[in-house]
Amino acid sequence: MELPSKINNNDKSIQQGISPSGSRDLISNRKFTALVVDSDPICQIIEKAILESQGVETQFVGSGIDALDLLASGANFDIIAIAWVLPMMNGVETTRRIRAIGNHSKILAVTACFDERKKQAFLDAGVDEFIEKPLTLEKVASIMREMKNG
Amino acid sequence: MDRNKQHRQVALMRQSLFDQGLLDEQFVQLEELQDEANPNFVEEVVTLFYRDSARLILNIDQALDKSPLDFAKLDSYMHQFKGSASSIGAKKVKSECTLFREYCKAGNGEGCKRTFQQLKKEYALLRKKVETYFQLARQVGPVETACRSK
Chain A
1278 MELPSKINNN
1288 DKSIQQGISP
1298 SGSRDLISNR
1308 KFTALVVDSD
1318 PICQIIEKAI
1328 LESQGVETQF
1338 VGSGIDALDL
1348 LASGANFDII
1358 AIAWVLPMMN
1368 GVETTRRIRA
1378 IGNHSKILAV
1388 TACFDERKKQ
1398 AFLDAGVDEF
1408 IEKPLTLEKV
1418 ASIMREMKNG
Chain B
127 MDRNKQHRQV
137 ALMRQSLFDQ
147 GLLDEQFVQL
157 EELQDEANPN
167 FVEEVVTLFY
177 RDSARLILNI
187 DQALDKSPLD
197 FAKLDSYMHQ
207 FKGSASSIGA
217 KKVKSECTLF
227 REYCKAGNGE
237 GCKRTFQQLK
247 KEYALLRKKV
257 ETYFQLARQV
267 GPVETACRSK
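Protein sequences, first through last, are from chains A and B. Read in order, the letters of the first sequence are residues 1278 to 1427 in our numbering. Read in order, the letters of the second sequence are residues 127 to 276 in our numbering.
These aren't lab readings, by the way, just hints derived from the structure by calculation. The reader is advised that the hints may include incorrect statements.
Stretch by stretch, here's where chain A covers chain B in the computed footprint (C-beta under 8 Å, at least three residues) [claimed, not checked]: (1) 152 to 164; (2) 167 to 176; (3) 204 to 211.
Not close to chain B: a few residues of chain A, all C-beta gaps over 12 Å, as computed [unchecked claim]: (4) ARG1307; (5) PHE1309; (6) SER1316; (7) GLN1336; (8) ASP1346; (9) ASP1355; (10) SER1382; (11) ASP1405; (12) PHE1407; (13) GLY1427.
Every residue, glycine too, gets a C-beta built ideally from N, C-alpha and C.
Take these sequences, add in the hints, and give me the full structure.
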């Protein structure tokens, strides 16, 4: 039967970074993953829904500690969206520790209040982008376009 | 005909929420996330917001009763509240959150208390209006039902 081998070929092609049709733009078709780190259940649900609407497989955790535990267990994410206010360890410290373990995910600081001081603290800790809440479909689509284009 | 009239009523009610400044573009984003798999996503998220934020409202109320006021704690609570309010598109509530935080930064306890009273009014008003809207929308059903031929 054709189907299993087509699937296998697709898997192999994906690993090689080329499309089953042969074109080299399949990187744009691979499944991206994200982790939302936010203690607010509303933000968790909405940010997950927004990311998933853009085809990003998303999980959420409620604290920086949980995020670090998940990463330590071997989980990898293309995108990590981190809030400022988190229990026990804030978003800046969480970011610092994530970078300290050698993680190279695209980290987005997603926070309720724009504050130059907060923004700088996040950037110094290693975030790639600082976004004032709410996270929007447009913003995520723009980030995905950027990531897919390498 | 009756059905169409009801749908127009729902649409007008929805529009009034934006015209009165109660909701902003973020609410539209939530509507865009609604689909066949999650047909009540917006109502569920807004319901969860009111359920979850009751805890924060209580925390802030209690913190405002203390003397001296802990502005850092108040600011932190409000930061969280603003995050979820902005995520559902609660425009006026979000504005009051911003004003409250400015009073916190200025160490103005009276300003905080006054603003919080206004915030609670806006919060309650929005709840009443969106609940009425959701109730009517549920009764009337989706637009497709109305257009279905007999």
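Status of each hint after checking the structure:
Using a Cβ-Cβ cut-off of 8 Å, 6 residues of the region 152 to 164 of chain B lie near chain A, which meets the minimum of three, so the contact claim holds. Beta-carbon proximity to chain A at under 8 Å applies to 4 residues in the region 167 to 176 of chain B; the threshold of 3 is reached and the given coverage holds. For a cut-off of 8 Å, the count of residues in the region 204 to 211 of chain B with a CB near a CB of chain A stands at 5, and the three-residue condition holds. Every Cβ of chain B is farther than 12 Å from the Cβ of ARG1307(A); the closest lies at roughly 23 Å, confirming the non-interface assignment.
No beta-carbon of chain B is positioned within 12 Å of the beta-carbon of PHE1309(A); the least distance is around 18 Å. A Cβ of chain B approaches the Cβ of SER1316(A) within 12 Å, the least distance being about 8 Å, so the stated non-interface status is violated. A cut-off of 12 Å between C-beta atoms confirms that GLN1336(A) is not in contact with chain B; the least separation is 17 Å. Annotated as non-interface, ASP1346(A) keeps its C-beta farther than 12 Å from every C-beta of chain B; the closest such distance is 22 Å.
In this structure ASP1355(A) is separated from chain B by more than 12 Å, as the shortest Cβ-Cβ distance comes to about 21 Å. Remark: the non-interface label on SER1382(A) is consistent with the geometry, its nearest Cβ contact in chain B lying 22 Å away (cut-off 12 Å). ASP1405(A), annotated as away from the interface, keeps every beta carbon of chain B farther than 12 Å; the closest lies near 20 Å. PHE1407(A), annotated as away from the interface, keeps every beta carbon of chain B farther than 12 Å; the closest lies near 14 Å.
Non-interface call for GLY1427(A) relative to chain B: holds, since the shortest CB-CB distance, roughly 27 Å, exceeds 12 Å.
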